[in-house]
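Participant: Protein chains in written order, with the working numbering: chain A, 277 to 474; chain B, 299 to 903.
These are computed hints drawn from the structure, not numbers from a lab. One or more of the hints may lead you astray.
Result set (BS3-like, lysine-lysine): computed pairs, CA atoms no more than 27 angstroms apart in a straight line [as the list claims (entries may be wrong)]:
id, chain 1, residue 1, chain 2, residue 2
1, B, K680, B, K821
2, B, K859, B, K894
3, B, K729, B, K680
4, A, K298, B, K300
5, B, K821, B, K682
6, B, K482, B, K680
7, A, K335, B, K300
8, B, K680, B, K478
9, A, K365, B, K680
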Amino acid sequence: MSAVINVLIAGVGGQGIILAGKLIARAAIASGLDVKTSEIHGMAQRGGSVTTHVRFGEKVLAPVIDPGGADFLLAFEKLEGLRYLDFLKPGGTVVLNNQVIDPLPVAVGAETYPEAAESIIAARFPLVFVDAVPEAENLGNLRVSNMVMIGALARLLPLPDSAWAEAIDAAVPPRFHELNRRAFARGFELAERASISG
Amino acid sequence: MKLLSGNEAIARGAYEAGVRVATAYPGTPSTEILQNIARYYPEMYAEWAPNEKVALEVGIGASLGGARTLVAMKHVGVNVAADPLVTLAYTGVKAGLVLLSADDPGMHSSQNEQDNRLYARLARIPLLEPADSQEAKDFVRTALEISETFDTPVLLRTTTRVAHSKSLVREGPPAQPELKPYAKDFTKYLMVPANARKRHVSLEDRQEGLRRYAEKTPLTRMEPGDRRIGIVTGGVAYYYVKEACPWASVLKLGMSYPFPYGVVEAFAATVDDLYVVEELEPFLEELIAARGISVHGKGLIPRTGELSPAVILRSLMKSPAFVSAAHAHGSAEPVRQGNNSRHAPGPSPEAAVGVPVPPLPARPPVLCPGCPHRGLFYVLKKLKLRVMGDIGCYTLGGLPPLSAMDTCICMGAGVGMAHGMAKVDPESAEKTVAIIGDSTFVHSGITGLIDIVYNQGTSTVIIADNRTTAMTGHQDHPGTGRTLRRDPTRALDFAKLARAVGVPHVWVVDPNNLAATRKTIAKAIRTPAPVLVIASRPCVLLSPAAPDPVAINPEVCRGCKLCLELGCPALSLRDRPRVNPQLCVGCGLCSQVCRKGAIGKEVAE
Chain A
277 MSAVINVLIA
287 GVGGQGIILA
297 GKLIARAAIA
307 SGLDVKTSEI
317 HGMAQRGGSV
327 TTHVRFGEKV
337 LAPVIDPGGA
347 DFLLAFEKLE
357 GLRYLDFLKP
367 GGTVVLNNQV
377 IDPLPVAVGA
387 ETYPEAAESI
397 IAARFPLVFV
407 DAVPEAENLG
417 NLRVSNMVMI
427 GALARLLPLP
437 DSAWAEAIDA
447 AVPPRFHELN
457 RRAFARGFEL
467 AERASISG
Chain B
299 MKLLSGNEAI
309 ARGAYEAGVR
319 VATAYPGTPS
329 TEILQNIARY
339 YPEMYAEWAP
349 NEKVALEVGI
359 GASLGGARTL
369 VAMKHVGVNV
379 AADPLVTLAY
389 TGVKAGLVLL
399 SADDPGMHSS
409 QNEQDNRLYA
419 RLARIPLLEP
429 ADSQEAKDFV
439 RTALEISETF
449 DTPVLLRTTT
459 RVAHSKSLVR
469 EGPPAQPELK
479 PYAKDFTKYL
489 MVPANARKRH
499 VSLEDRQEGL
509 RRYAEKTPLT
519 RMEPGDRRIG
529 IVTGGVAYYY
539 VKEACPWASV
549 LKLGMSYPFP
559 YGVVEAFAAT
569 VDDLYVVEEL
579 EPFLEELIAA
589 RGISVHGKGL
599 IPRTGELSPA
609 VILRSLMKSP
619 AFVSAAHAHG
629 SAEPVRQGNN
639 SRHAPGPSPE
649 AAVGVPVPPL
659 PARPPVLCPG
669 CPHRGLFYVL
679 KKLKLRVMGD
689 IGCYTLGGLP
699 PLSAMDTCIC
709 MGAGVGMAHG
719 MAKVDPESAE
729 KTVAIIGDST
739 FVHSGITGLI
749 DIVYNQGTST
759 VIIADNRTTA
769 MTGHQDHPGT
779 GRTLRRDPTR
789 ALDFAKLARA
799 VGVPHVWVVD
809 PNNLAATRKT
819 IAKAIRTPAP
829 VLVIASRPCV
839 LLSPAAPDPV
849 AINPEVCRGC
859 KLCLELGCPA
869 LSLRDRPRVN
879 PQLCVGCGLC
889 SQVCRKGAIG
899 KEVAE
């Protein structure tokens, strides 16, 4: 089953992780592939650490990715990127958002936020480091930061442009198509430019 | 082909099978079934019932009234509905009735991880276990057919990884079965002992026919592989097995009760070594062992938490026979043994190349910025009360730094517990309150409140009333004035209800007003009579106002960190507490807490 590509999306409840999973899955379907995803709803969604598993390929069996099984880790937040690093295969790639959201133990001063998450990650895995929040701000809407991230990941995935365009149009209301396409294109461009380290 | 979650597929399956009535009480991971029915299939009558017992009773009425019926709930909801369920197995149905139980192995959003397959054995009803969304959809129809053919309710059991996983589904046309005319049948539906004794015999008589059906149903299939290793499995574990050891012989049970021992015996005869891979309880294993078949199960496979392909492979590798077969197929034990926990500390040592990963802070779920529960729990903490709690978003008030809930057992439990504790030591009534949500109060808090009144209690019960069922994603309930389909309806008035059952004092307070909330609760616990406090303010996510963030004046802030005790995600400690203006909604709790008046909306940070 080496033909199956495994993407683990990690972040903080409320960051648009479920939508990101849906988009990648739709792009895979538009490419004629089999897909399975797995999400977490309920309590963890209230600002907790959450993941969505996306697997696509000729034929997908289990809906979940085991530690050591992910080809890509799409992390919407730096601490969550570190937390799920052990889900990557050796040689897997991290697409990391340069965003810090203090978890409560850090916010109240009981624990400290890890320093330089990106260099810890870059020492172990190829890393595409994206500053998605200012990029989204430049595009005029903070909420498309997740689309910038998806664009960056898309640069690394073997799915055609047309499939992504189809996925964005299907997942986003028409009046936001243009904005989301631009955010996606920006992320794609940033990943293309990024010198993949590691 | 459409990408559907298990829950979306079950809604679709109900539509295709001609279900006319669907009822439920929301609960993760089952909630989206009814939401999808309400949204996409207007042909069906669908409702949120006040609790799972009522949901099933409405369903029984619909079935006897001749309509195919789906009743959905999470695993612990079946405990609430167990009373009608077990007797319904005696009476049987009229039109098909399916009870959907969504179990939560791993407890992603639950207080326990009970295995509801055991209810099939307890009630002696058929059990179907889909492995993906296609099966989830298809099994609804088969379950209804079984229900009608054998005159029995059918348990359709999913788990989180079926309910909340998405996979491709081929949709089919809807069926439109006729309503079956109601026929009064005293001996069948009126379960007085004389009738029930006969119905119990008929329940037993049903079993053999059901078992023969289970032996030949296409829902169950053998997948021959290497004959040295045979694995019996079902549900999502089937896919984990196929991923972990695609070379092994597999018996996939789609209908696992009544237990098709003929198929299992036949399968066991074709393999050298038999294994059962199932999440949670040794349900299949015990049934197999009871037939005198030698089988490996929970001796190898964990009985707690979720399984996964890696967990299964690692577990089976403890068996020498499995190891030698696996090696013959070039399958090795997974190298990485990372922790599967959501709050796992960090990468495994094998990945270590260079910089060590520091221990990582956990990220527990939190009450949202502006959450109306926060003020209430802050007051409960300051009053140092014993708080007998309940289940909902507000259970998060039990986590640090608020740490203001002592217990969480099940929905409604806190009300009775506060009363029980007060009876042990009457003085403790002045230190103890029960807290319950609005939806939860209707679900199972009302009877506890009546008990306090009836048995001369003096407890204080607080309804954390945020006008919605928030945790499961904002469902309506009898107190909101809206039905599942958002039609206006009469709203239950908690204050009137409490007065009607004899609660002498009912006080309503805004939990965002800390002084008033504190005064009200302090007065309530000193009052030697039952008191209901309704802490009422809508969930901040229901109709988000334009954010109006506060700021902290650095000239005035002394860095006492009192504001951080609120546990608000919008407040964070750097050199001193800071407000994140992107998260802050301006609820103003922190400015009430600050003794220096450093926090406010007119302040420049």
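Participant: Does each hint fit the structure? Answer for all of them.
Facilitator: Evaluation of the provided hints:
1. B:K680 / B:K821: holds (14 angstroms)
2. B:K859 / B:K894: At roughly 11 angstroms apart (the allowed maximum being 27 angstroms), B:K894 and B:K859 satisfy the hint.
3. B:K729 / B:K680: The hint holds at about 12 angstroms.
4. A:K298 / B:K300: holds (12 angstroms)
5. B:K821 / B:K682: At roughly 14 angstroms apart (the allowed maximum being 27 angstroms), B:K682 and B:K821 satisfy the hint.
6. B:K482 / B:K680: violated (60 angstroms)
7. A:K335 / B:K300: Given that 27 angstroms is the threshold and the Cα spacing comes to 15 angstroms, the pair holds.
8. B:K680 / B:K478: Violated, at roughly 60 angstroms.
9. A:K365 / B:K680: This hinted pair is violated, its Cα atoms lying about 49 angstroms apart.
Hints 6, 8, 9, counting from the list given before, are not met by this structure.
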